[in-house]
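Listed below, chain by chain, are the residues.
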Amino acid sequence: MNHIIATEKLNLFYNDFHALKDINMKMRANTVTALIGPSGCGKSTYLRLFNRMNDLIDGVKITGDVRVEGKDIYEKNTDVVDLRRKVGMVFQKPNPFPKTIFENVAYGLRVNGINDNGFIKDKVEQSLVQSALWDEVKDKMNKSAFELSGGQQQRLCIARALAIEPSIILMDEPASALDPISTAKIEELIYELKQNYTIVIVTHNMQQAARVSDHTAFFYLGELIEYGETKEIFTNPKDKKTQNYITGRFG
Amino acid sequence: MTHLDKESLQLKTDLIGMWNLVISQLNKTHEALINFDKDLAHEVVANEKRVNGHELKIDNDCENLFALFNPVAIDLRFTLAVLKINSNLERTGDMADGIGRFILNGNGPFDEELLKVTQVIHMYDEASSMLVDILMAFEHENTKIARSIFKRDEILNQININSIQVVADYIRTHPDNIEQALFVLSIIRKLERVGDHCKNIAEEIIFYIEAKVLKHASKKQKAE
Numbered sequence: 000m001n002h003i004i005a006t007e008k009l010n011l012f013y014n015d016f017h018a019l020k021d022i023n024m025k026m027r028a029n030t031v032t033a034l035i036g037p038s039g040c041g042k043s044t045y046l047r048l049f050n051r052m053n054d055l056i057d058g059v060k061i062t063g064d065v066r067v068e069g070k071d072i073y074e075k076n077t078d079v080v081d082l083r084r085k086v087g088m089v090f091q092k093p094n095p096f097p098k099t100i101f102e103n104v105a106y107g108l109r110v111n112g113i114n115d116n117g118f119i120k121d122k123v124e125q126s127l128v129q130s131a132l133w134d135e136v137k138d139k140m141n142k143s144a145f146e147l148s149g150g151q152q153q154r155l156c157i158a159r160a161l162a163i164e165p166s167i168i169l170m171d172e173p174a175s176a177l178d179p180i181s182t183a184k185i186e187e188l189i190y191e192l193k194q195n196y197t198i199v200i201v202t203h204n205m206q207q208a209a210r211v212s213d214h215t216a217f218f219y220l221g222e223l224i225e226y227g228e229t230k231e232i233f234t235n236p237k238d239k240k241t242q243n244y245i246t247g248r249f250g
Numbered sequence: 000m001t002h003l004d005k006e007s008l009q010l011k012t013d014l015i016g017m018w019n020l021v022i023s024q025l026n027k028t029h030e031a032l033i034n035f036d037k038d039l040a041h042e043v044v045a046n047e048k049r050v051n052g053h054e055l056k057i058d059n060d061c062e063n064l065f066a067l068f069n070p071v072a073i074d075l076r077f078t079l080a081v082l083k084i085n086s087n088l089e090r091t092g093d094m095a096d097g098i099g100r101f102i103l104n105g106n107g108p109f110d111e112e113l114l115k116v117t118q119v120i121h122m123y124d125e126a127s128s129m130l131v132d133i134l135m136a137f138e139h140e141n142t143k144i145a146r147s148i149f150k151r152d153e154i155l156n157q158i159n160i161n162s163i164q165v166v167a168d169y170i171r172t173h174p175d176n177i178e179q180a181l182f183v184l185s186i187i188r189k190l191e192r193v194g195d196h197c198k199n200i201a202e203e204i205i206f207y208i209e210a211k212v213l214k215h216a217s218k219k220q221k222a223e
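Protein chains in written order, with numbering that gives the first Met the number 0: chain F, 0 to 250; chain V, 0 to 223.
By construction, these hints were calculated from the structure, which means they are not laboratory data.
Careful, some of the hints might be misleading.
List of simulated lysine-lysine pairs, DSSO-like, C-alpha gap at most 30 Å [as the list claims (entries may be wrong)]: (1) V:27 to F:239; (2) V:5 to F:230; (3) V:83 to F:240; (4) F:70 to F:239.
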């Protein structure tokens with residue numbers, strides 16, 4: 000079985016606070032995994048493990064194994080820049096750079112030392128096509144990214160992540176700040192993207208998790224309570240806590 | 000109690016209301032058959048519209064629940080089960096209506112010997128009690144009671160299988176009462192169907208509570 004992401008006996012502490020407890024989880028390539036759970040349960044912390052975003056927080060201590068494409072990404076020699084090239088991230092609020100639409104997507108290529116303008120142009124177009132934004136922006140590539148709607152900006156951020164050809168895309172509530180039409184486009188995009196990428200998404204929207212993901216993991220108080228096929232989780236969860244959470248009877 | 004809990008409870012109450020109406024319809028045809036009471040049979044036929052009205056309302060409430068609450072897990076299984084139980088109850092109501100019409104078309108009281116040899120009254124008692132017990136299983140979320148229905152359905156099936164020979168023998172000895180014999184044979188067929196509906200309902204209750212699909216399962220699997 001091809002597991003592109005795996006954690007074993009993973010523990011994470013914010014100083015004395017034990018945020019993730021003994022998490023064992025494996026994700027297959029070209030699947031969408033949804034991480035769900037109440038606020039503060041550790042799902043976003045877990046997501047940020049895979050591109051070492053937690054390194055930026057003071058007092059973080061991690062024990063156990065975190066493997067991406069079979070490699071322990073927390074070993075000393077890990078090239079974090081290279082890791083983040085492989086593991087792209089899309090955040091809750093769209094965060095385009097104060098640049099043109101074209102330059103937003105080209106940015107990652109340029110900082111990676113690519114200067115071939117023909118290649119960059121092709122890659123920008125390809126990424127925008129993949130993120131289902133091309134038809135809407137192809138005639139205004141030199142306009143500021145801020146002129147786009149929220150939903151378009153979010154798809155631009157996805158295009159920006161795709162341009163550097165990651166194998167994994169992490170999404171932290173990517174549609175929570177968007178209207179229903181933009182949300183539907185993002186969800187459709189996730190479905191399309193999984194042909195070529197592995198996606199891990201944090202969402203508070205249960206129906207979104209049910210619609211877009213192949214597997215769902217339910218976190219509670221830093222523990223992985225249940226992880227399984229989304230169909231199974233949403234029709235016949237094994238754990239009472241999972242059932243209470245997804246049916247809105249929590250607490 | 001969440002909003003969804005309240006809506007589900009209302010749905011459950013409505014379904015139980017329909018259930019009691021259908022039980023009463025079946026019991027009335029039982030009484031009408033024994034006493035050849037055409038007024039009671041007429042009442043059953045008239046009440047069929049109420050059963051249909053209940054079915055439409057419950058269907059509509061399930062549809063709203065799906066659309067507005069997007070139920071998942073046990074809530075989803077509950078709503079799906081209610082939808083299917085509703086349909087099985089409506090068909091059981093149709094059976095009572097059909098029996099009521101046979102009685103209305105009858106020319107006189109049914110021959111007691113015919114009722115005795117065909118075991119139609121025993122079948123009635125069993126079908127009626129199955130419908131009551133399966134309601135109890137639903138109300139109290141009791142899958143043990145639900146499972147007991149499968150064996151009892153076999154009793155009805157056996158009486159139905161025997162009925163052709165029994166009725167044929169009766170007709171040979173009572174050639175002047177063929178019409179009544181055929182009516183009773185049809186009633187037996189309908190009661191056998193009531194047993195099937197009870198069995199279907201039992202499967203839905205087990206699906207709702209235990210998330211197990213027992214449709215088309217073997218006897219051994221159903222007993223587990």
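Outcome of the hint check:
Our distance criterion of 30 Å between C-alpha atoms is broken by residue 27 of chain V and residue 239 of chain F, whose separation comes to about 44 Å. For the hint pairing residue 5 of chain V with residue 230 of chain F, the CA-to-CA distance comes to about 26 Å; that is within 30 Å, so the pair holds. Between residue 83 of chain V and residue 240 of chain F, the direct Cα distance comes to roughly 28 Å. Compliance with the 30 Å bound is thereby established for this hinted pair. As the CA atoms of residue 70 of chain F and residue 239 of chain F are separated by approximately 35 Å, the hinted pair breaks the 30 Å bound.
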